[in-house]
Amino acid sequence: DGGITQSPKYLFRKEGQNVTLSCEQNLNHDAMYWYRQDPGQGLRLIYYSQIVNDFQKGDIAEGYSVSREKKESFPLTVTSAQKNPTAFYLCASSLGGNTEAFFGQGTRLTVV
Amino acid sequence: GIQVEQSPPDLILQEGANSTLRCNFSDSVNNLQWFHQNPWGQLINLFYIPSGTKQNGRLSATTVATERYSLLYISSSQTTDSGVYFCASPSGNTGKLIFGQGTTLQVKP
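Chains as they are written, first to last, in this note's numbering: chain A, 1 to 112; chain B, 1 to 109.
I should point out that these hints are in silico values taken from the structure, not numbers from a laboratory. The structure presented is a predicted model; accordingly, all values stated were derived computationally and were not measured. Yeah, the Cβ is synthetic: ideal placement off N, Cα and C, and Gly gets one too. Please note that a few of the clues may not be correct.
Unchecked claim - Covered stretches of chain A, as calculated for chain B (at least 3 residues, CB under 8 Å): (1) 41-51; (2) 96-102; (3) 105-111.
Said to hold, decoys possible - Covered stretches of chain B, going by a simulated chain A footprint (3 or more residues, C-beta under 8 Å): (4) 7-14; (5) 36-42.
What the hints assert, rightly or not - Calculated from the model, a selection of chain B residues having no Cβ within reach of chain A, i.e. all distances over 12 Å: (6) Arg58; (7) Ser60; (8) Ser89.
The shape of chain B in the complex, shown without the other chains (with noise of 0.2 Å):
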């Protein structure tokens, strides 16, 4: 099945920074969607792209299908930004979703 990676692990940042997330999928990919969860543990949709690019206010993101990746922009950085970013895409038709293991970003007043 496919595998979803992503990098870094672990990000520090000072408040007012920009920052970059990658999202790689081993497999062609017909869904992707960036999630970023609190510190309650609740998942927070941020954006469903299975290509192209869409921006949400300070974040934006773009999937290159046909290279197998996906990038979360993160601008002007703020402390309520901190906590694990997730990717992921589903597995067959289905729904089911593979999920990286996660980037966790520590953002520093």
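Pulled out of the complex, with its shape left as it was, chain A reads as follows (with noise of 0.2 Å):
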């Protein structure tokens, strides 16, 4: 099946850890994207991706990181620089320039 994969669904962190969100698409699109969503509010990005070995920082990039060394895969990295992590995290991804986004299912993150 063609889509949007993130992994874990829930994960759980202690305070000062890193941690790394796994997301994989098998649309081949060219570009993919990091969204944050905080209860009762709209989407915000974090950090997107053009084509592999190129990303820019989004709205709220601070304290996060990410990598894009192949075409299927934008892993993001919660910092323990980030203050305020809990939240639930999605990726997307699309062809490229403004043509239809696809979104995963999301992993929510909780500091413990």
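Using the supplied hints, reconstruct the complex from the two chains, each of which is provided in its own coordinate frame.
Here you go:
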């Protein structure tokens, strides 16, 4: 099945830990995106990548890092510098430009 | 950058009723998407509609780009239509989506 797979579905992090969220797509899309959603809010862009080995900061990049070594994969690391990481994280991909974007099922991160 | 506003913020309907959700955007757009976020959080694509009207079953959408708004129509609502509806438009030409705050719909049996 073609689609975007995020893992894990639920993730618990201790204070001071780095954690990595996985996002894989088999849609042959060039562009990939990470969004954060807080309760009762819309989505805000963390990072995006339009091509392999290149990525740009979004609106709320502080405390996060990404890599794009393969077209299919765009992992997001939530570092200990992110002061309020508890949120729902959604990964998306598209053909690029302003074409239609598709989303994964999300990862719910909780700091314990 | 572009701003996206949705109305109403909350909507409660009786099953079988019709509804209209609105999305206003502050600048001209060349793409607009409507999504339904289900209770598990997944964003389901409803429409990709830069302009004109599209229909998919009980749902239809109209975007009037020159007047900077889009409407989502839900007819004969069902309890499974409950959830949050988002519209989103890209900022610039990179595909970065700017989301509205959403409309929370509750359909009662």
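We went through each hint and held it up to the structure:
With 7 residues bearing a CB less than 8 Å from a CB of chain B, the region 41-51 of chain A meets the requirement of three and the coverage assertion stands. Given a C-beta distance limit of less than 8 Å, the hint that chain B covers the region 96-102 of chain A holds, as 7 residues qualify and 3 suffice. A stretch counts as covered by a chain when three or more of its residues have a beta carbon under 8 Å from one of that chain; for the region 105-111 of chain A and chain B the count is 3, and the coverage holds. Coverage of a stretch by a chain is defined here by at least three residues with a beta carbon nearer than 8 Å to that chain's beta carbons; for the region 7-14 of chain B and chain A the count is 0, and the condition is violated.
Judged by the Cβ-Cβ criterion of 8 Å, the region 36-42 of chain B is covered by chain A as claimed, because 3 of its residues qualify and three suffice. Residue-level check passed: B:Arg58 sits 21 Å from the nearest beta carbon of chain A, beyond 12 Å. The claim that B:Ser60 lies off the interface holds: its Cβ sits roughly 17 Å from the closest Cβ of chain A, which is beyond the 12 Å cut-off. Not every Cβ of chain A is farther than 12 Å from the Cβ of B:Ser89; the closest lies at roughly 9 Å, contradicting the non-interface assignment.
In summary, the numbered hints that this structure violates are 4, 8.
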